[in-house]
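Keeping the supplied structure of chain A fixed, place chain B upon it in accordance with the hints.
Going down the list, the protein sequences come from chains A and B.
Numbering of the first sequence is given in UniProt numbering, commencing with residue 1 and proceeding in unit increments.
Numbering of the second sequence is given in UniProt numbering, commencing with residue 1 and proceeding in unit increments.
Among the clues, some could well be false.
Where chains are identical, the list cannot tell them apart; a pair therefore holds if satisfied intra-copy or between any two copies.
[To be verified] Think about it this way: if two alpha-carbon atoms lie no more than 30 Å apart in a straight line, the pair counts; the simulated BS3-like pairs of lysine-lysine are: (1) K120 / K50; (2) K52 / K254; (3) K52 / K242; (4) K295 / K254; (5) K247 / K66; (6) K278 / K66; (7) K247 / K52; (8) K295 / K355; (9) K295 / K26; (10) K120 / K66; (11) K247 / K237; (12) K346 / K247; (13) K273 / K66; (14) K232 / K66; (15) K50 / K254; (16) K254 / K66.
Derived by calculation from the structure, the hints in this document are not laboratory data.
Computed from a predicted model, the values in this text were never measured in an experiment.
There are 2 protein chains.
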Amino acid sequence: MVTEISAEAPVLDRRGDQSDEAARKKEFAVPSDQRFVLVTTDRTVVNDGKYKELQDGSTLYLLQNKDQVLPVATEENINFVPHYNTLIESGTFEYFAEGQKSLPCALAELVDNALSATAKNTEGRTIEIQLLFDRTFGKPAVVVLDNGCGMTSKQLNNWAVYRLSKFMRENSTFESERDTYVRPEPVPRSLNSDISYFGVGGKQAAFHIGDSVRMITKPINSPDVHELVLSKEEFQKKEQNKEDVFKGTILNRKPGDYSHVTSSERFLQEVIKEETGKDSFTAVVITGVCPEHIKYLKQDFSEWTRQLAHIYHYYIHGANGNHKTDNSLRSNVIPQIDILVTLRDKPSYSMNLRKVEDDMQTLYINSAVDTFEFKVKTSEGGTVDGVLRYHPFLYDKETYPKDLNVLQAPVEEDDDENESGTMNQARGKRDIFECFWNGRLIPYTTVSE
Amino acid sequence: MVTEISAEAPVLDRRGDQSDEAARKKEFAVPSDQRFVLVTTDRTVVNDGKYKELQDGSTLYLLQNKDQVLPVATEENINFVPHYNTLIESGTFEYFAEGQKSLPCALAELVDNALSATAKNTEGRTIEIQLLFDRTFGKPAVVVLDNGCGMTSKQLNNWAVYRLSKFMRENSTFESERDTYVRPEPVPRSLNSDISYFGVGGKQAAFHIGDSVRMITKPINSPDVHELVLSKEEFQKKEQNKEDVFKGTILNRKPGDYSHVTSSERFLQEVIKEETGKDSFTAVVITGVCPEHIKYLKQDFSEWTRQLAHIYHYYIHGANGNHKTDNSLRSNVIPQIDILVTLRDKPSYSMNLRKVEDDMQTLYINSAVDTFEFKVKTSEGGTVDGVLRYHPFLYDKETYPKDLNVLQAPVEEDDDENESGTMNQARGKRDIFECFWNGRLIPYTTVSE
Numbered sequence: 001m002v003t004e005i006s007a008e009a010p011v012l013d014r015r016g017d018q019s020d021e022a023a024r025k026k027e028f029a030v031p032s033d034q035r036f037v038l039v040t041t042d043r044t045v046v047n048d049g050k051y052k053e054l055q056d057g058s059t060l061y062l063l064q065n066k067d068q069v070l071p072v073a074t075e076e077n078i079n080f081v082p083h084y085n086t087l088i089e090s091g092t093f094e095y096f097a098e099g100q101k102s103l104p105c106a107l108a109e110l111v112d113n114a115l116s117a118t119a120k121n122t123e124g125r126t127i128e129i130q131l132l133f134d135r136t137f138g139k140p141a142v143v144v145l146d147n148g149c150g151m152t153s154k155q156l157n158n159w160a161v162y163r164l165s166k167f168m169r170e171n172s173t174f175e176s177e178r179d180t181y182v183r184p185e186p187v188p189r190s191l192n193s194d195i196s197y198f199g200v201g202g203k204q205a206a207f208h209i210g211d212s213v214r215m216i217t218k219p220i221n222s223p224d225v226h227e228l229v230l231s232k233e234e235f236q237k238k239e240q241n242k243e244d245v246f247k248g249t250i251l252n253r254k255p256g257d258y259s260h261v262t263s264s265e266r267f268l269q270e271v272i273k274e275e276t277g278k279d280s281f282t283a284v285v286i287t288g289v290c291p292e293h294i295k296y297l298k299q300d301f302s303e304w305t306r307q308l309a310h311i312y313h314y315y316i317h318g319a320n321g322n323h324k325t326d327n328s329l330r331s332n333v334i335p336q337i338d339i340l341v342t343l344r345d346k347p348s349y350s351m352n353l354r355k356v357e358d359d360m361q362t363l364y365i366n367s368a369v370d371t372f373e374f375k376v377k378t379s380e381g382g383t384v385d386g387v388l389r390y391h392p393f394l395y396d397k398e399t400y401p402k403d404l405n406v407l408q409a410p411v412e413e414d415d416d417e418n419e420s421g422t423m424n425q426a427r428g429k430r431d432i433f434e435c436f437w438n439g440r441l442i443p444y445t446t447v448s449e
Numbered sequence: 001m002v003t004e005i006s007a008e009a010p011v012l013d014r015r016g017d018q019s020d021e022a023a024r025k026k027e028f029a030v031p032s033d034q035r036f037v038l039v040t041t042d043r044t045v046v047n048d049g050k051y052k053e054l055q056d057g058s059t060l061y062l063l064q065n066k067d068q069v070l071p072v073a074t075e076e077n078i079n080f081v082p083h084y085n086t087l088i089e090s091g092t093f094e095y096f097a098e099g100q101k102s103l104p105c106a107l108a109e110l111v112d113n114a115l116s117a118t119a120k121n122t123e124g125r126t127i128e129i130q131l132l133f134d135r136t137f138g139k140p141a142v143v144v145l146d147n148g149c150g151m152t153s154k155q156l157n158n159w160a161v162y163r164l165s166k167f168m169r170e171n172s173t174f175e176s177e178r179d180t181y182v183r184p185e186p187v188p189r190s191l192n193s194d195i196s197y198f199g200v201g202g203k204q205a206a207f208h209i210g211d212s213v214r215m216i217t218k219p220i221n222s223p224d225v226h227e228l229v230l231s232k233e234e235f236q237k238k239e240q241n242k243e244d245v246f247k248g249t250i251l252n253r254k255p256g257d258y259s260h261v262t263s264s265e266r267f268l269q270e271v272i273k274e275e276t277g278k279d280s281f282t283a284v285v286i287t288g289v290c291p292e293h294i295k296y297l298k299q300d301f302s303e304w305t306r307q308l309a310h311i312y313h314y315y316i317h318g319a320n321g322n323h324k325t326d327n328s329l330r331s332n333v334i335p336q337i338d339i340l341v342t343l344r345d346k347p348s349y350s351m352n353l354r355k356v357e358d359d360m361q362t363l364y365i366n367s368a369v370d371t372f373e374f375k376v377k378t379s380e381g382g383t384v385d386g387v388l389r390y391h392p393f394l395y396d397k398e399t400y401p402k403d404l405n406v407l408q409a410p411v412e413e414d415d416d417e418n419e420s421g422t423m424n425q426a427r428g429k430r431d432i433f434e435c436f437w438n439g440r441l442i443p444y445t446t447v448s449e
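Bound-form chain A, shown alone (with noise of 0.2 Å):
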C-alpha cells in the first residue's frame, strides 16, 4: 500500500502522543498484521526521532518497506523563495570586483538615486552626503539624503523587492493608475538623471556599506512620512524563527516625530526634526558601518569626494564641464544641482563637490590643447555624444594630465582560496577613452581599440 500523506493534514498531528505503531496503525488504517513503514520522499525513514523533527508541509510515504517503488507517481509542493542574502549580499560580488573603488561606486549608486529622484525639482536639487561618526550622536552612520520627490509608501515597498530591471516596478496600488517607463526628453550631454538603470542598485550599495538600511521618505502632496528598515539582523532572526523574511513593516507618522527612534540611534532625532517644512525628500540611514569602510571615508576623504567630483563632473558643472580659465567656454546653463558632503567627526569636514578642482575631468578639460565633438545618432533613435581632446607632447611636455591618486592595479596574488582570481581584470593601463552613461562616469569601462 502506498499511500501519500501530508505532515500538514490533520491525520499527522504532531503534537499528539506518536510513539506507539498499533496507534499509528490505526490512525492510517493499516491493518494490524501488516509491515509498514512512513519515509520522507527522500527515503528516509521517520523514526520517532524524525517525527519530531519533521518540519510542517513535509510529504511523506506510507510504503511496506523503505525501498518500495512508487507504483504512481506523487507530486510534491516545494517552495523555492529565494535567498534574502540575494538582497543583501548581491552588492558584494558586484564591488568586490572595483576594489579600492568599491565605497566610492557604492555612495555614487545611492547618488544616482538622489539624482533621479531630483530630476523634476522646480528648485534648486540637493544631495547631501553626512558621515555621522561623531560618537556622541551614537553608532556611526552613513546618510545620503535629497531633497527629490520622495516615495509613497507603495514605492518605498516596491524599493524593497529584488529585481532585475527598473521597468518592472509597480508604482501605485490600483492597476489604473501604474506608472509605464516614459524615457525622458533628450538634453545636452544626457544629464537627464535617468542613470540608475537596475533596480537592484540602492539596496546592494547600501548593503554594501553597512548591515542595516533604513529609508525614510515623504512624498510630494503627503502629509506622512514613510520609514522601512532592511537588516541583516533582522533578517536572520526570522530565518532563526522560521519566520517569512521577505514580511516587513513600513511606518507611516507625521514629520518630525522621532519617538520611535532609540538612543543608540540618536543621531536619527537630527535627521528627522530636519523633516518639519519640508515639501518631500528621501533619507537613506546606513547603519552597522564597519571600521574599515569608517576609516577609509575619514582617512581618504579628499580621494573619494574627488572621484565622486569626477563621476558626476557634467552633472555639478553642465554640458561644458569646469573650464576654468576661458568662461566663454562654460555652460550658458550651469545645473542647480549641489552634492554635499559632510564629515561630522572630530575634526568636521563640509565639502560642496563643485568646489573639487584637481577630479580628472576638470584636469583633461583644462589641458587639452584642442577638442573635437561629435554626435551620432543611432538606428534605435539614440544619440551618441562624443569629445575627442588633443593633448600633445609639447615643448617636452606631456599635456595629459597625470592622476594624482592613480589606482594602484591590486597585485595579482592568484590564490585559490578566494575568487578574486575570477574578477580582477586587466586594468594596469591608463585609460584612453572614458563613458558616460546619460551623463555620468561608467568606471572602468573603456572603448575597445
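Quick look at chain B alone, frame taken from chain A:
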C-alpha cells in the same frame, strides 16, 4: 477620528455592495452627521471605483479629510518577495558581458555542476551535452546529462532557491543531517571538481540558453526519480493570476516512467527510457531555446567545442595537460572524465572533447620551448600552482600559437540606448596569463601587470 483598518478585515468585505455611504458609515460606526473619507496609506481616496480595485491586505485610513495629519504612527504590513526575474534573468547581465562567448560559458556552467556531481564517482565520469535539434523529436532542446550522485528531492528544492553561495544550501529535511561544506583534499592542479562556487550558476546558465528548465535527477540509493520544471511561462502565468510565484511541484516517480511527457517534448521519452539501470544521474533539460542560439550551436559547433576543450583541458588530459609528442611528459593519472557533445540534427555530430587537438591549451603546451613550474602556499592555507611557458621568437618565427578563432573584441558602439557601454571591458589585447580556478579556466581573467 483616525482608524486604521485592513481590507482583510471582515468589516471591509468588498464582495458586498459598498456603494452606499450611509451603509458604510454604519459599518465603520461613524456618526451619521460626521464627514469621513477612506484613504490608502498613499492618501488616495478610495471611492467606489477604487474600492473594487483594492488589493487584499491593503491598509486603509478612515480620516476626517484626505490630508489629515496622522496623530499616531501606524504600521503597515508589506511583502517584498524578490521578483521571479532574479531567478530567470540574472544570467542575462552576466553573460551579456561575455559577448559572443556567452553560450559556451553558459554550457560550461552546467558542465561545472556535472563535474561537481561526478567528483566522487568510483567508476568513469560521463558528461553529455546533447543538442536535440531534429524536429522529429519535438521542440528543440539542450540536455546536459551526467552520471553523478544526483539530488534528493530536498536538494532539488534547494537547487531552485536563488541564493548567492552554495555554502548556505540546506541538504536535509532534518536539522541533524545538515551538510556543512568540507573543503576537498588537495590534488594536483586543484582538479577537485569543486568549481561551482556560486549557487546562482545552474539556473542562470539554463535560462540564458532557454526559457524553461526541467531537472530530472535520481540520487544514489533511492528508488525514485525527482523532476522539477521551472519555466518563464509558468512564472508569468502565476504572476498574472496573483499566485505565489515561488511555489512549485516536484514530481516523484519510478525510473523510466514517461507517462507525463507530452508529444511536443517526445525527446524526453528517450531520455527517460535510458534511466532504468542507472544508479544515479542528473539531466538538465532546457527548452525554449531561441533560434539564434540554435543557429550558433549548429554553425559554430567546432568553435565552441574547442573553447570547452580549452576550459576543461586539465580535467580532460590530467594535471600535465595534453603533450602530444612526448609521452614522458604526460600525466601518470589520466582522469576518467568524458565530456561528450552530440548534435542530433541532419547531419548529426558526436565528439569527445578529449579528441580536440587544437584547443589553445594544447597549442600552448606543445609549442612552448621551455616551462618553469612554481608552487606558492598562501597564508590562509591555499596553494597557487603556476606554470610559465617560454615562447621565443625563434628562427624568424613566432612560437606563441595563434588563436585560430580569435575573439574579435566587439566594436564599441558607445550607444546610450543600451547598457553595453557599462559592460564591455577592454579586451582588445591578447592575454598573457590565464587563471584556472580549481583546474577550470576562468575566461577573461588576466594577471595584472
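To see whether the hints hold, each was checked on the structure:
1. K120 / K50: Between. Shortest inter-copy distance 28 Å satisfies the 30 Å Cα cut-off; intra-copy 60 Å does not.
2. K52 / K254: between (48 Å within a copy, 29 Å between copies)
3. K52 / K242: Classified as within; 16 Å inside a copy, 34 Å across copies.
4. K295 / K254: For K295 and K254, neither the intra-copy (36 Å) nor the inter-copy (60 Å) Cα distance is at most 30 Å.
5. K247 / K66: between (39 Å within a copy, 28 Å between copies)
6. K278 / K66: between (68 Å within a copy, 19 Å between copies)
7. K247 / K52: Cα proximity of K247 and K52: in one copy and across copies (27 Å, 25 Å).
8. K295 / K355: within (24 Å within a copy, 55 Å between copies)
9. K295 / K26: neither (68 Å within a copy, 61 Å between copies)
10. K120 / K66: between (67 Å within a copy, 25 Å between copies)
11. K247 / K237: both (13 Å within a copy, 23 Å between copies)
12. K346 / K247: Classified as neither: same-chain Cα gap 40 Å, cross-chain 53 Å, threshold 30 Å.
13. K273 / K66: between (66 Å within a copy, 24 Å between copies)
14. K232 / K66: neither (41 Å within a copy, 36 Å between copies)
15. K50 / K254: between (51 Å within a copy, 25 Å between copies)
16. K254 / K66: Only across copies: K254 and K66 sit 14 Å apart there, 62 Å inside one copy, limit 30 Å.
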